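Here is what each chain is made of, one letter per residue.
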Amino acid sequence: MTNVQTKANATAVPDAGLNVPKRRRRLHPALVIAAGAVLVVALTYVLPPFRNYQLATTGAYLCVTAGLTVLTGLNGQLSLGHGALMATGAYTLALTQNKWVNLPLSFAVAILVTTAAGAVIGLAAARLRGPYLAGLTLAVAIVVPSVTSTFDETFNSDQGLSVILNPPPETIPMERWQAWLCWGAALVVVLLLALLIRGRFGRDLRAVRDDETAAKLAGINIARTQVLAFVVSAVCAGVSGALFAVLAQSVSPGAFPLTLSLFLVMAIVIGGLGSLFGALWGAVLLVVLPTLAQSVGEQTGSQQLEGNLALVVFGVVLVVVMLAAPGGLASIPSRISRLIRRNR
Amino acid sequence: MKRTATAALAVVLLATAGCTSEGGGSGSSGASVPGVTDSEIVVGTHMPLTGPAAAGYSKIAPATKAYFDYVNANGGVHGRKISYKIKDDGYNPANTQTVVRELVLQDKVFAILNGLGTPTHTGVLDFLKTNRVPDLFVASGSRSWNQPDKYPGTFGFNPDYTVEGKILGTYVKENLAGKKTCFLGQDDDFGRDSLAGIEKILGPVAAKESYVTSNPNVGPQMGALKAAGCEVVVLATVPGFTALSIGTAAKIAFKPQFVVSNVGADPTTVGKTLGAAAPLMEGLVAANYLPLNNDDANPWIQLFKKVNAAHNGNAEFDNNVVYGMSVGYLFVQALQAAGKDLTRDKIIEAVQKNGFQGPGSVPLRFSAQDHSGYGGEQLTKIQGGKAVYFGTPYTTDDKDGPVAPYTGQPVAPPQSGVPAA
Amino acid sequence: MDRFIYLTFDGLSRGLVYAAFALALVLIWRAARIVNFAQGSMAVAAVYVAYSVTNATGSYWLGFVVALLAGLLLGVLVERVVMRFVDHSSPLNGVVVALGLVLVLQGTLGIIYGNEYQPVETPFSRDAFEVGGIAMLSRYDLFVFAAVGTVVVVLTLLFTRTAIGLRMRAAAFAPDVSRLLGVSVGGMLTLGWALAAAVGSLAGMLVVPTELGVHPTAMDVVFVSAFTAAVVGGLDSPIGAVVGGLIVGLLLSYVSGYIDVTVAPMAILALLVLVLLGKPGGLFSSSKARVA
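Chains as they are written, first to last, in full-length UniProt numbering: chain A, 1 to 344; chain B, 1 to 421; chain C, 1 to 292.
Among these hints, one or two may not hold up.
[To be verified] In silico DSBU-like cross-links for lysine-lysine, where the CA-CA straight-line distance does not exceed 30 angstroms:
1. K99/A <-> K150/B
2. K279/C <-> K216/A
3. K340/B <-> K353/B
[To be verified] Estimated spans, in silico, between C-beta atoms of each pair:
4. R3/C <-> E316/B: 36 to 44 angstroms
5. L166/C <-> P279/B: 50 to 58 angstroms
6. K216/A <-> D176/C: 58 to 66 angstroms
7. T115/A <-> R161/C: 17 to 25 angstroms
8. S295/A <-> R139/C: 32 to 40 angstroms
9. G384/B <-> F124/C: 25 to 33 angstroms
10. K340/B <-> E170/A: 53 to 61 angstroms
11. I222/A <-> T130/B: 45 to 53 angstroms
12. A34/A <-> K340/B: 51 to 59 angstroms
13. T115/A <-> E316/B: 52 to 60 angstroms
14. H28/A <-> L181/C: 50 to 58 angstroms
15. D400/B <-> V120/A: 58 to 66 angstroms
No lab work stands behind these hints, which were simulated from the structure alone. Model, not experiment: these values are computed from the prediction. Note that the Cβ used here is the ideal one computed from N, Cα and C, for glycine as well.
Could you put the whole structure together from the sequences, leaning on the hints where they help?
Next comes the structure, spelled out in structure tokens:
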């Protein structure tokens with residue numbers, strides 16, 4: 001009885017953004033991305049250095065949120081362990097970089113290693129559903145500090161590793177270079193994802209999410225689709241982690257705590273599940289909300305308020321958005337336009 | 001259409017975020033030194049104010065700020081008032097990255113002062129070096145801060161953990177000779193350097209265990225130490241884990257002599273965590289290099305208590321407050337020594353020149369070749385719930401140098417409570 | 001040998017706390033199909049209430065009772081004010097709202113009590129009895145055994161022997177039919193949340209004094225272990241929760257004792273992988289559970 005019910009419910013996951021078949025003519029993703037690239041480059045010349053750094057952070061977050069929203073929103077697999085996959089990418093980059101000091105090579109190795117990690121977890125995940133998958137990925141998330149301190153010869157325990165980087169060309173300020181690097185990667189990731197989910201693979205993903213039995217009847221290999229989805233999103237997380245390693249010039253388990261994994265899920269849900277624009281919103285929120293809340297806390301001048309107020313604000317926003325607009329921020333424009341149309 | 005609108009909105013949001021907070025750094029008119037005007041010096045720090053590591057440590061930066069407020073109320077330094085920006089990083093290195101960049105790039109601070117934590121602060125060393133920001137008196141005993149060639153602007157404050165380990169080891173060797181000595185330490189530089197120092201004096205310990213802060217259960221470790229028949233246990237632990245270790249040991253009827261690192265030995269913080277079991281701390285041996293919070297006869301404590309009452313909302317006066325104010329005092333000394341025409345190079349020069357005399361019972365080691373902080377400690381013992389000093393202070397180095405008694409006399413603070421130029 | 005005995009009792013004592021906490025998760029999962037990620041923070045809130053009451057009155061037991069009542073009340077509030085309005089079209093929504101509650105609760109507790117560990121008393125001594133020179137277990141461990149045992153017995157009786165228990169089960173498994181038969185499904189849901197939150201608070205009261213003390217994030221690690229226990233046992237099975245809790249408690253104790261504490265999370269992951277690959281719905285699942 002309950003099983004039937006949940007399955008029926010699953011079909012009603014709120015769709016928003018790219019995955020909705022539109023009657024309107026759609027812009028080709030490449031055009032959107034090109035526009036995005038122009039915009040980002042323009043922004044990096046307008047913004048002061050710290051804002052450029054935040055912009056870079058947003059780009060790095062976008063990689064992982066975009067991948068996660070495809071996995072969770074389009075394929076229905078909930079992962080609470082993407083922070084650990086980011087850590088995998090970050091540590092791989094750090095180790096490779098410290099050995100050969102070759103950034104493109106390090107990124108390539110980071111991608112390879114997270115592909116493998118994603119495949120392993122994905123194979124296990126494909127057998128699991130709902131909270132059981134959540135439980136497994138949660139355990140993956142908390143295993144990071146354990147691994148780094150058990151093999152501390154390689155990973156240097158809680159203290160982590162610093163990352164050797166060649167400085168950018170003299171003429172480009174550090175923060176602008178960081179923003180370009182992160183957004184270059186993010187836009188490529190988003191473009192590939194957008195192309196991927198437009199095609200047959202995207203249809204398979206949604207079919208598996210909506211009704212496994214029907215998908216099977218339609219000849220879709222369910223396990224393969226799920227593992228692939230996991231691998232794709234793991235690679236995105238790996239790229240993101242590698243970017244963070246470059247941004248921070250260091251990696252340590254403390255930078256990839258359980259809360260990061262949870263915040264990622266919250267971000268894509270608030271942004272709008274399954275939508276790449278929602279992923280952008282999520283990435284922006286991950287950067288902007290803590291900063292805003294902290295500055296509010298600072299203005300009130302209270303010690304106890306300062307860090308805690310940020311938590312409360314983030315939590316309240318989360319609950320309110322979920323109760324008022326379960327489709328996330330990305331669905332708000334369409335909600336508004338629907339309202340306007342209704343009033344006309 | 002809808003998507004274009006969303007994207008546009010996102011851009012607007014980012015751009016406004018960029019513009020609204022622009023005002024912060026516009027103060028520096030004329031002068032080219034970031035964070036310094038004729039009337040103000042802006043410095044910043046990163047601290048865990050929230051999260052599991054905040055216990056005790058969250059009181060340090062407010063105490064430093066309180067001391068600065070006291071100095072400001074007495075006319076400031078060379079006519080400038082010190083403004084101290086405290087950022088919470090929750091002991092998460094990723095947050096440290098962000099808040100330190102915000103301090104340097106956005107708030108345009110003159111220097112980073114007393115940033116707390118080894119894993120957190122390690123990550124920003126390169127950034128601070130690239131931006132030539134003085135990185136003064138890091139709140140941790142890691143030896144990483146002492147790399148003048150690699151990080152010319154970074155200076156430590158705490159005695160490093162190896163120095164401390166050697167001094168604790170000497171105590172064990174002289175007073176508890178022949179007893180089976182074991183070790184429990186945090187699984188990072190803190191634990192490792194500490195153990196290295198102890199073993200330099202005592203040779204290999206009988207048993208060693210480690211813990212990670214993410215797992216608040218030391219039952220298995222204490223069980224193993226008991227099984228190994230340890231009679232002395234040296235702890236390189238943060239305050240919460242000191243309490244946990246002592247409490248857990250008592251639970252399994254294991255009562256060795258505990259010898260504890262200064263970082264984890266503040267009786268107020270540890271006692272609070274132990275609660276009703278606080279009497280278990282009786283007889284605990286630790287070490288310190290600053291005046292103790294309950295030593296009311298000490299002129300430094302009298303000064304700091306006065307400041308605490310006037311500018312810190314009379315916060316509970318524990319050793320974290322003493323620590324925070326001592327850092328503030330040292331920074332003001334450095335500012336005075338750097339002179340009226342303050343620049344970043346000048347303050348680094350002033351710190352390297354050293355010669356500071358302050359609340360510490362041993363000298364600071366600063367020189368052009370050495371950027372590590374205090375060079376020794378004096379042992380303390382908990383009697384009647386309070387820590388008291390005994391013996392003489394010792395100094396040593398992090399290599400194989402001898403552990404030698406230090407005979408210099410302590411100094412009293414100036415009448416005004418503000419170091420003179 | 002004495003080490004083995006000590007580790008076993010230590011593991012059992014902690015395992016029972018995980019079991020109680022996992023039971024609370026299972027109760028809510030069965031009633032509302034939500035994994036209550038806010039369980040840990042709700043329990044911490046109740047422990048803080050006990051802390052305030054005990055400090056004000058000097059009575060541990062008054063604080064203990066008030067904590068359980070506060071847990072009940074918090075459960076009712078969370079269900080009535082927030083969870084009831086969650087859009088259930090995606091199973092994720094409940095998870096995310098619960099995570100939001102975690103932030104709100106942790107932040108609020110931090111603002112009220114500060115981010116310091118506050119000591120919490122135990123009502124009984126934690127000094128272990130020694131039998132033939134071997135430390136066995138303490139009075140406090142016995143108290144934990146008794147408290148969790150009572151909860152298990154009371155819940156079993158409630159669900160199998162009373163009319164209200166029958167109604168709660170019916171409302172969870174067949175809401176529409178129950179409604180037709182005059183069962184207040186909403187009321188049963190609220191009751192389920194209240195009960196679960198009270199059991200979670202009990203677990204919090206039992207475990208917090210054995211760790212660093214009460215802190216807004218004090219139950220995070222316990223939550224992960226208990227969630228693992230519930231998943232290993234099977235989220236639909238109360239027996240599974242108890243067995244899972246004991247397995248996780250013992251595993252953690254042995255691994256930390258004989259190998260190293262840092263290995264413990266990896267042992268948890270290995271346990272989960274082994275159990276879930278064999279039985280994707282947990283040890284005590286019926287075969288259908290896989291589809292959920």
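Hints, one by one, checked against the model:
With a C-alpha separation of about 19 angstroms, the suggested pair K99/A and K150/B falls inside the 30 angstroms cut-off, and the hint holds. Simply put, K279/C and K216/A have alpha-carbon atoms about 22 angstroms apart, close enough for the 30 angstroms limit, and the pair holds. A distance of roughly 17 angstroms separates the Cα atoms of K340/B and K353/B; the hinted pair therefore holds under the 30 angstroms criterion. Under the hint 36 to 44 angstroms, the C-beta atoms of R3/C and E316/B, about 41 angstroms apart, fit the expected range.
Separation of L166/C from P279/B is about 52 angstroms and conforms to the stated range, judged on CB atoms against 50 to 58 angstroms. The hinted range of 58 to 66 angstroms is not satisfied by K216/A and D176/C, whose Cβ atoms lie roughly 28 angstroms apart. Hint check: T115/A to R161/C, Cβ distance near 54 angstroms, so the stated range 17 to 25 angstroms is violated. At about 51 angstroms, the beta-carbon gap between S295/A and R139/C misses the expected band of 32 to 40 angstroms.
A hinted range of 25 to 33 angstroms for the beta carbons of G384/B and F124/C is consistent with their spacing of about 27 angstroms. Taking the beta carbon of each, K340/B and E170/A are about 34 angstroms apart, not inside 53 to 61 angstroms as hinted. Taken as a hint, the range 45 to 53 angstroms holds for the pair I222/A and T130/B, whose Cβ atoms sit roughly 50 angstroms apart. Take A34/A and K340/B: their Cβ atoms lie about 55 angstroms apart, and the range 51 to 59 angstroms holds.
Hint check: T115/A to E316/B, Cβ distance near 53 angstroms, so the stated range 52 to 60 angstroms holds. Roughly 56 angstroms separates the CB atoms of H28/A and L181/C, a value that falls within the hinted 50 to 58 angstroms. With their beta carbons about 47 angstroms apart, D400/B and V120/A fall outside the hinted range of 58 to 66 angstroms.
In summary, the structure is inconsistent with hints 6, 7, 8, 10, 15 from the numbered list given earlier, while agreeing with the others.
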